[in-house]
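As a plain string of letters, each chain reads:
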Amino acid sequence: DTAVSQTPKYLVTQMGNDKSIKCEQNLGHDTMYWYKQDSKKFLKIMFSYNNKELIINETVPNRFSPKSPDKAHLNLHINSLELGDSAVYFCASLIEGGTQYFGPGTRLLVL
Amino acid sequence: GESVGLHLPTLSVQEGDNSIINCAYSNSASDYFIWYKQESGKGPQFIIDIRSNMDKRQGQRVTVLLNKTVKHLSLQIAATQPGDSAVYFCAEKSGANNLFFGTGTRLTVIP
Chain G
1 DTAVSQTPKY
11 LVTQMGNDKS
21 IKCEQNLGHD
31 TMYWYKQDSK
41 KFLKIMFSYN
51 NKELIINETV
61 PNRFSPKSPD
71 KAHLNLHINS
81 LELGDSAVYF
91 CASLIEGGTQ
101 YFGPGTRLLV
111 L
Chain C
1 GESVGLHLPT
11 LSVQEGDNSI
21 INCAYSNSAS
31 DYFIWYKQES
41 GKGPQFIIDI
51 RSNMDKRQGQ
61 RVTVLLNKTV
71 KHLSLQIAAT
81 QPGDSAVYFC
91 AEKSGANNLF
101 FGTGTRLTVI
111 P
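Just so you know, the sequences run in chain order G and C.
Residue numbers are given in our numbering: position 88 of the first sequence equals residue 88, and the series is strictly consecutive.
Residue numbers are given in our numbering: position 78 of the second sequence equals residue 78, and the series is strictly consecutive.
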């Protein structure tokens, strides 16, 4: 069974559109994260959620909003997509002790 | 925020040789460090971790060394195999469960 899953795997869309990326973890963990990986492979944390509460929110535009309907899901909604939003987005789940388990990623391309 | 850097962005090694990937971190308060491996088209995968009260930890074919004096972390891979070709990230944790990633090193194994 996949521990952390993301959908879709690929997302191609036009500038100005609104899109969502879904993440689910079946590990029973309390904390989930969203990361953005740019073309140079740099990984930067965007959000984390613990029991439906936003813990951290780095310098991310407010066009990005995490939504957690329950402990197993942390979705990422993006409004008014821009070219610079093109990247790979990873969801991660926190394992006890500090390790994070990553999903397979969603490759977003904004045209 | 913290910065985690790598000395070499790329590393090429002959199959069967040992590989050493280095990482410098800046936050002396970091208490937990992780090495991740990211293969093409996949999410980061946990390799090995080490806590700040240790200076060495060994896994299967991998060893992590931590030098807190100079804030340096290294990953040693013994008998490097083609399947080890990937981008390797070090990550540090300080305080809450937030991970800060380095820029990554691309390891290429030459058959």
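No lab work stands behind these hints, which were simulated from the structure alone.
Treat the hints with caution; some may be incorrect.
Unchecked claim - Taking lysine-lysine pairs in the DSSO-like style, the calculated list, with each CA pair at most 30 Å apart, reads:
#1 K71(C) with K71(G)
#2 K56(C) with K71(G)
#3 K36(G) with K42(C)
#4 K22(G) with K56(C)
#5 K42(C) with K67(G)
#6 K52(G) with K41(G)
#7 K19(G) with K56(C)
#8 K68(C) with K44(G)
#9 K44(G) with K71(C)
#10 K52(G) with K67(G)
#11 K52(G) with K56(C)
#12 K40(G) with K9(G)
#13 K22(G) with K68(C)
#14 K41(G) with K56(C)
#15 K9(G) with K52(G)
#16 K71(G) with K52(G)
#17 K71(C) with K52(G)
#18 K42(C) with K41(G)
Note that the coordinates shown come from a computational prediction; the quantities given were computed from them, not determined experimentally.
Okay, the hints, checked on the actual structure:
| no. | hint | verdict |
| --- | --- | --- |
| 1 | K71(C) with K71(G) | violated (36 Å) |
| 2 | K56(C) with K71(G) | violated (35 Å) |
| 3 | K36(G) with K42(C) | holds (14 Å) |
| 4 | K22(G) with K56(C) | violated (38 Å) |
| 5 | K42(C) with K67(G) | holds (24 Å) |
| 6 | K52(G) with K41(G) | holds (29 Å) |
| 7 | K19(G) with K56(C) | violated (45 Å) |
| 8 | K68(C) with K44(G) | holds (24 Å) |
| 9 | K44(G) with K71(C) | holds (21 Å) |
| 10 | K52(G) with K67(G) | holds (8 Å) |
| 11 | K52(G) with K56(C) | violated (37 Å) |
| 12 | K40(G) with K9(G) | holds (19 Å) |
| 13 | K22(G) with K68(C) | violated (39 Å) |
| 14 | K41(G) with K56(C) | holds (27 Å) |
| 15 | K9(G) with K52(G) | holds (24 Å) |
| 16 | K71(G) with K52(G) | holds (7 Å) |
| 17 | K71(C) with K52(G) | violated (35 Å) |
| 18 | K42(C) with K41(G) | holds (12 Å) |
Going through the hint list in order, the structure does not satisfy hints 1, 2, 4, 7, 11, 13 and 17.
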